[in-house]
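Protein chains in written order, with my numbering: chain A, 1 to 111; chain B, 1 to 78.
Calculated directly from the structure, the hints in this document are not laboratory data.
The beta-carbon is built from N, C-alpha and C at its ideal position, and this holds for glycine as well.
Just so you know, nobody snuck in bad clues.
Straight-line distance between alpha carbons at most 20 Å, and here's what the computed EDC-like set of lysine to aspartate or glutamate pairs gives:
{"no.": "1", "chain 1": "A", "residue 1": "K64", "chain 2": "A", "residue 2": "E80"}
{"no.": "2", "chain 1": "A", "residue 1": "K104", "chain 2": "A", "residue 2": "E12"}
{"no.": "3", "chain 1": "B", "residue 1": "K45", "chain 2": "A", "residue 2": "E80"}
{"no.": "4", "chain 1": "B", "residue 1": "K45", "chain 2": "A", "residue 2": "D86"}
{"no.": "5", "chain 1": "B", "residue 1": "K45", "chain 2": "A", "residue 2": "E96"}
{"no.": "6", "chain 1": "B", "residue 1": "K14", "chain 2": "B", "residue 2": "E4"}
{"no.": "7", "chain 1": "A", "residue 1": "K49", "chain 2": "A", "residue 2": "E12"}
{"no.": "8", "chain 1": "A", "residue 1": "K104", "chain 2": "A", "residue 2": "D10"}
{"no.": "9", "chain 1": "A", "residue 1": "K104", "chain 2": "A", "residue 2": "E80"}
{"no.": "10", "chain 1": "B", "residue 1": "K14", "chain 2": "B", "residue 2": "E56"}
{"no.": "11", "chain 1": "A", "residue 1": "K23", "chain 2": "B", "residue 2": "D31"}
{"no.": "12", "chain 1": "A", "residue 1": "K78", "chain 2": "A", "residue 2": "E12"}
{"no.": "13", "chain 1": "B", "residue 1": "K9", "chain 2": "B", "residue 2": "D29"}
{"no.": "14", "chain 1": "B", "residue 1": "K45", "chain 2": "A", "residue 2": "E90"}
{"no.": "15", "chain 1": "A", "residue 1": "K64", "chain 2": "B", "residue 2": "E56"}
{"no.": "16", "chain 1": "A", "residue 1": "K23", "chain 2": "A", "residue 2": "D57"}
{"no.": "17", "chain 1": "A", "residue 1": "K14", "chain 2": "A", "residue 2": "E80"}
{"no.": "18", "chain 1": "A", "residue 1": "K78", "chain 2": "A", "residue 2": "E99"}
Derived, one-sided and incomplete: chain B residues facing chain A with beta-carbon distance under 8 Å:
{"no.": "19", "residue": "R47"}
{"no.": "20", "residue": "V48"}
{"no.": "21", "residue": "H51"}
{"no.": "22", "residue": "Q52"}
{"no.": "23", "residue": "Y55"}
{"no.": "24", "residue": "M62"}
{"no.": "25", "residue": "G63"}
{"no.": "26", "residue": "L71"}
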Amino acid sequence: MNEMINQFIDNEVKGADVVLFMKGTPQFPQCGFSGQVIQILDYLGVAYKGINVLENDSLRDGIKGYSNWPTIPQLYVKGEFVGGCDIVREMFQNGELKETMETKGIALEHA
Amino acid sequence: MAMEAHEIKALIVKAMPDADVMIEDLRGDGDHYSATIVSSAFAGKSRVQQHQLVYEALQGNMGTMLHALALQTSAPDE
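So that you can see chain A by itself, here it is in the shape it has in the complex (with noise of 0.2 Å):
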């Protein structure tokens, strides 16, 4: 896999506390799953970055072999895969995300 790439994955990823893979950005999600997790991440109040995969072929297909997830959105927390819409969802429902964000040391401002 491109080993540049993988590099710039790998910064972005340890370069922020929460970072979110997706397909359009924040204020236009381009798709309905990364949108979810925008919500989702908004409701909670988290700080996030948002990488929009669509930019650029390499890093959209990049991302599937860096976390060996093939699909996007995909989200990290402190360097951690944690998901894609499905799990962030679940997660979120069950409180689960909360717990993990808190414990991460994660700041959330409107939960």
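With the hints as your guide, set chain B onto chain A.
Only chain B this time, still in chain A's reference frame:
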């Protein structure tokens, strides 16, 4: 790009012979399904690992032939 529900089920059962698989076609377009899968293969695995097992069973179809597959995975005794 689309898959039939029975194709998805067959691939999953091939990889996890004991799996109890229920597939629901969410939009009737062959591209958006949900799958509820119970298998001993999931025992002791995190949710991410469980879903990765399913994606491996789908042999590269996930994200290519198949756009969306909402997964509910669990081991028999969970």
